[in-house]
Each structure stands twice: as structure tokens, then as C-alpha cells.
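Colleague: Chains as they are written, first to last, in my numbering: chain A, 635 to 747; chain B, 6 to 118.
Derived by calculation from the structure, the hints in this document are not laboratory data. Every residue, glycine too, gets a C-beta built ideally from N, C-alpha and C. Careful, some of the hints might be misleading.
To be verified - Anything over 12 Å on all C-beta distances counts as not near chain A; from chain B, calculated:
| hint | residue |
| --- | --- |
| 1 | L16 |
| 2 | V18 |
| 3 | D32 |
| 4 | D54 |
| 5 | Q65 |
| 6 | K76 |
| 7 | D89 |
As the list claims (entries may be wrong) - Listed next, the stretches of chain B that the computed footprint assigns to chain A, with coverage defined by at least 3 CB atoms under 8 Å from CB atoms of chain A:
| hint | segment |
| --- | --- |
| 8 | 79-88 |
| 9 | 105-111 |
Stated by the list, open to error - From the derived model, a few chain B residues whose C-beta atoms are all more than 10 Å from chain A:
| hint | residue |
| --- | --- |
| 10 | S33 |
| 11 | R48 |
| 12 | V59 |
| 13 | R66 |
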Amino acid sequence: SQTIHQWPATLVQPVGSPLSLECTVEGTSNPNLYWYRQAAGRGLQLLFYSVGIGQISSEVPQNLSASRPQDRQFILSSKKLLLSDSGFYLCACPRGANQETQYFGPGTRLLVL
Amino acid sequence: GENVEQHPSTLSVQEGDSAVIKCTYSDSASNYFPWYKQELGKRPQLIIDIRSNVGEKKDQRIAVTLNKTAKHFSLHITETQPEDSAVYFCAASRGTGGFKTIFGAGTRLFVKA
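Same shape as in the complex, but just chain A (with noise of 0.2 Å):
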């Protein structure tokens, strides 16, 4: 089955610096991967999604962008961070059977200040 990797674990950013969070899959090949973030306390809120290699789809609106550039590669990027950016950012891919099972990496803890 499925192996999520992101990194950085933690991370402390000025505001109006640059970001850059990473996502490796293992185990499968040509995932559908997706960008969730939890602000404190909150739910998840979908960010992008990729069906594959160079395919981006956007859900809000924001500073943020993503890219794939390999096959199981997902990287979350900014030019310049907002307060409003702070949280946990997990990086998921389908799971099971029947691929309908959202499975989250452990997620980066980002914290803008």
C-alpha cells in the first residue's frame, strides 16, 4: 500500500518569504494526490488536486500554487507568505480496494509570523 512522505515536519516562516513543501508517494504508481490545510482548530479545506504529471487543478483562490513534476511528486509553493497561511498542511492520496479512501501524509506544520 501507499506511503506518504512530507517535509519539512515543522516549518517558521517570516512573512513575505517564500515557500516551498514537498510531497513524495510510494507504492503506486500515477496517484491522484491532493493539498488539504487545517488552520488551528479547523477542518480540512482542499487546496489542489493533480490527476497526473503537470496537471493542476485549483479549489480557493490564494497565494499558493502547486506543481507536480514527477509522477509521485506533489510540491506546495508560495512567493510570498500571509499570516493567513499558517497551519498544518497535508499532502493525500486515494487508498483501497477500490481507490476511494483519502490517505494523509503526516502533514507540515507551518507557522507564519
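For this one, chain A is given, so just place chain B on it according to the hints.
Modeller: Frame of chain A; chain B shown alone:
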């Protein structure tokens, strides 16, 4: 757009009592309903799921019911224990690939010893 409403947002029960969390969904095409448990600082993890051709499913102390006509589904935890304390998310999706997986806002469950 599609959404999933989850109630209550916070639930406090005495150890040994039952806990019930309720969700409603709007997308008639939804056919897969997973429930996730998120412990503090960790990723959400699947605890039980149900498909639209089933009305009820049970796994030890947890059970899920689905009323497709009313677009309601519920999580039932019996004989609650302190380790059940966590945030629980319901979700609804159209199935394969994880597409259109919409999450509820979450329920914070406290089990008092």
C-alpha cells in the same frame, strides 16, 4: 456547491456513555462516506466507512448508519473510553479516485474519565 454539515462541533461525554455525531450531505451523486479520527497534532486516519448500498456497518464499538433518502449519516461510538477523545470528521465522495471528497467541519469529542 456541494457541502457536508456536521454536528455537534463539540461533544463531551462521560466514560462508558455513547457518543453520536451526525452529518448531512448535499451532493446526490455521493456514494462513499468515510469517517476519520484525528488525534492532537496527527494526521486524520480512517476509522470506518460505508457505501451507499449499505444502511449500517459496525466494527466493535463504532458503527455508522446511512439514510440515503434523507442524505444523513451518523457515527455511533458505544462504551466510550478516554482514548476516544479526538476530532472526528465525516466525509462524502463520489468514490473512485477520491474525487469530490467533501469533509465536514469536525467534531471535537471529549471523554471524561
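Colleague: With reference to the structure, classify each hint as holding or not holding.
Modeller: Here's how the hints hold up against the structure:
no.	hint	result
1	L16	holds, 15 Å
2	V18	holds, 20 Å
3	D32	holds, 14 Å
4	D54	violated, 6 Å
5	Q65	holds, 19 Å
6	K76	holds, 18 Å
7	D89	holds, 19 Å
8	79-88	violated (count 0)
9	105-111	holds (count 5)
10	S33	holds, 17 Å
11	R48	violated, 4 Å
12	V59	holds, 13 Å
13	R66	holds, 20 Å
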